[in-house]
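A.B. asks: Chain by chain, the residues run as shown.
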Amino acid sequence: MFGGSEAILAALASLGDPTTIMLMVGGITLGIIIGILPGLGPPIAITIALPFTFYMDAVPSIILLLSIYSAAVYGGSISAIAVGIPGTGAAIATVIDGHAMFKKGRGGEALGLSLTGSIIGGIFSVICLAFIAPLLAQIAIKFGPREFLAISIFGLVVVVRVAGENLWKGLAIGGVGIFLTTWGLDEVNGTERYTFGSYHLYEGIPFVAFLVGVFALSEVMMNAETALRKVDFDKSSLSVKLPGMKTLAKLKGTIMRSSLLGTVIGIIPGEGAAVGAFFAYSEAKRRSKNPEAFGTGEPEGVIAPETANNATVGGALVPTLTLGVPGSPAAAVLLGAFLIQGLAPGPRLFAERPDLMYSIFIGLLIINVLMIFIGLIAIRFAAQLIKVPTSVIVPSVVLLCFVGVFSVSNSLFSVGVMIASGFLGYTIRKLGYSIAPLSIGFVLGPILELSLRQSVQISDGSVFEFFASPIALGIYGVLALTILWGPIRARVKKPMEGVDDA
Amino acid sequence: MTFFKTLMAAAVGSLVTFTTAAVAQDDYPNKPITLVVSFPAGGNADIIARLNAEGLSQELGVPVNVINVPGGGMIPAVMNVLEKPADGYTLFRWTTPSVVIGPLVRNAPYDPMADMTPIFADETVANALYVSADSEIETFEQFIEVAKTKKMKMGVNNIGAPPHLSAVQLGQEFDLEFNNLVMKTVPASLLGLVGGQVEVAVGQVGSFKTMGDEIRPLVILDNDRKDFYERDLPGVSTVGEVFPAKNAATWIKGGVAVKAGTPQAVIDKLVAASEAAFTTDEFIAQVNNLTAYSWVIGVEDTTATIQEGIDLYKPFLDELGLLAK
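Chains as they are written, first to last, in this note's numbering: chain A, 1 to 502; chain B, 1001 to 1325.
These are calculated hints, taken from the structure and not from any lab test. A few of these clues could be false.
Unchecked claim - Looking from chain B toward chain A, a few residues come up when the C-beta cut is under 8 Å (computed):
#: 1; residue: Asn1068
#: 2; residue: Gly1072
#: 3; residue: Ile1075
#: 4; residue: Asn1179
#: 5; residue: Val1182
#: 6; residue: Lys1184
#: 7; residue: Ala1260
#: 8; residue: Gly1261
#: 9; residue: Pro1263
#: 10; residue: Gln1264
#: 11; residue: Ala1265
Only a predicted model underlies this, so the values are computations on that prediction, with no experimental measurement involved. Ideal placement from N, C-alpha and C gives every residue a C-beta, glycine not left out.
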């Protein structure tokens, strides 16, 4: 490829350095722990370590951050399965079936699936990153306002269909999520919207505080209601059962599709692990022979999002390394790490530092392998966490939420937002609505608004121009198919059933 | 009698305050200093602030801790500093949005010139006009010809931000009209060129190193040449060089300030420490990896520099109807 064997040897030499190996192990451990802790996601995990990289060479510092990134994306699934609280946004989709499996006494199996899926997804995306990065980056670069509009509509509709049983309830809550993203300064013409005279709201509702409130805080509020009840679980849930070859063979379609989906979504700038996980989950549910089993503890509902979210790691690095445009919020922090090293990510980086590129590719492969072992130990530790009574977990989680949210911007206002969002999430859950569309509306809202307004501007007000892009048209086509597929299949099935009976 | 007592108490009180302040000045700094950054951790602005903190810490002999207070149009970060005592233990990493654009366009609860005393300005960035590498437009003159015939789609990061204001100035000087597309970040504006969503975009001089093969610089949006232009955009002229009668200025800078009212002795120490720490070749090389570097040191010179920025951008923002009432 670029640089040849000399660069590979240089990469192996720097990766074999004892300090680099220690940083890798330390980074994975830190990443998993932070992933397990609710509210502290990959971007925060990387940010915590970033100051230390000031004093390191390029390869060890980037490897440390990549270890933390990969492990934090995985670590979120442990708490998602064991306690039903997503440790990171990326693990939200895993909660649904992972925690259901745990409650059924199949927690060990779920933990094994999430670990295996994460590693396969991670390795798959690294291979994609290494071999087809330049090609995939060229596709992603064609994404303009019309394409982003299509992809955010697609994402919203798919997620609303996935979460909860009622489409209208899902749409309504998704709408609330989008509405909340309109708060703050309008970036197109500078108008203040819903700022209530407070400058704290100029840049809108703080993202991390909102999500921590909606997920973690509302979850502990729900838990607090049952604080006096003893946590009841099957002991066998605690020992990890790595899936056998037979199970993997059965799930291989889901694993491959989720790896691919996660990688592609990771490549699309701005879309991170959470969106990848939701897409893969909905795709697995849609393709399943028994979609109604999803939500009750379906193994595919665990392995699909977990494979996809780790696959977004390699994917997100494609535009980050080849264009200098971060593929995810965590990758944006990584970009800062490159710049402090005097490296400008872009097409030239491949030519200038082939050893660094190989270090990233090979390093990520090693990180994923190491994650199996460190993950198995971490799960044991996480299992100890579950034995702690709710009356201890709830205040501890609340404390971590407060510290985590405060640390992001050193702002008490964010803490207030978190508390308010916690009550919002709690109310929504109590009313029998799902909070997933709320969070997805909140994530996709800004992309949706900006791309819609840009599309209008580009097309001089003509709606037909929205479809003038072949990529956007393709995305709308796929969306129409996913919506229509259900009824079509039902119609096709009916006569088929008749034939079978005869 | 009561009045006299109050007066005495006030006098004693102020005396105590005065003496402790004096003591504090003499052995400043005797405790850790905080440097407030209005950007999240990890970005360029944060990294430069951390380099500032490291240098100041070495010179002053106490830890300088960086805290990030992002969001809220940078106002919360400024208020975080202004709510603390003016004793030199809380420093502020100022940038263009917090001292120039923000106070002009929002009803900010502070006046940068009255409430802050700038110590130095270190980084400086200039805007440049780019097209896609496969564009038919090859020179700035060709661009003007094309732009006169149609309303070109111009990629800018945000309305009211320096790249947009450069585009506005370009339009005024050459009598052009653009369809400004807000792309949110400078890299996104330039990526819009590659993806074909915009026909022309305003980026920064340093942007070229990240996207070299895919974009083509047309002109540097500045009047006079600065020494780092040749390093970042070799062979590209400034507007002032091509059309000496036209005006094209950019003001994007950053530095460190303290709250107004900070004792002169403390300011002197900070200025001296900054001079010792940041004029070294090693420091300049580090900053140059991130952005361009141009040193303005001392309260008076830095204040004058910031005033230049306000004088430059105020008329444009006024014309756009963006000035705060």
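A.B. asks: All the hints need checking, so say for each whether the structure fits it.
C.D. replies: Results for each hint:
Given hint, B/Asn1068 at the interface with chain A, holds; its Cβ is 6 Å from that chain's nearest Cβ, closer than 8 Å. The beta carbon of B/Gly1072 is positioned within 8 Å of a beta carbon in chain A (closest approach about 5 Å), and the interface hint is therefore held. The interface hint given for B/Ile1075 is met, as the beta carbon of that residue sits about 4 Å from the closest beta carbon of chain A, less than 8 Å. Annotation: B/Asn1179 was flagged as interfacial toward chain A, and the flag holds, the nearest CB pair being 7 Å apart, inside 8 Å.
With 8 Å as the threshold, the beta carbon of B/Val1182 comes within range of chain A, its nearest partner Cβ sitting at about 5 Å, so the hint holds. Hint status for B/Lys1184 relative to chain A: holds, with the closest Cβ pair at about 7 Å, below 8 Å. Restraint check, B/Ala1260 versus chain A: the minimum CB separation of about 20 Å is more than 8 Å; hint violated. Because the beta carbon of B/Gly1261 sits about 23 Å from the nearest beta carbon in chain A, more than 8 Å, this interface hint is broken.
The criterion of a C-beta within 8 Å of any C-beta in chain A is not met by B/Pro1263, whose closest approach is roughly 26 Å, and the hint is violated. Hint status for B/Gln1264 relative to chain A: violated, with the closest Cβ pair at about 29 Å, above 8 Å. For B/Ala1265, the suggested interface contact is broken, since its CB lies about 29 Å from the closest CB of chain A, more than 8 Å.
Hints 7, 8, 9, 10, 11 from the list above are not met by this structure, while the remaining hints are.
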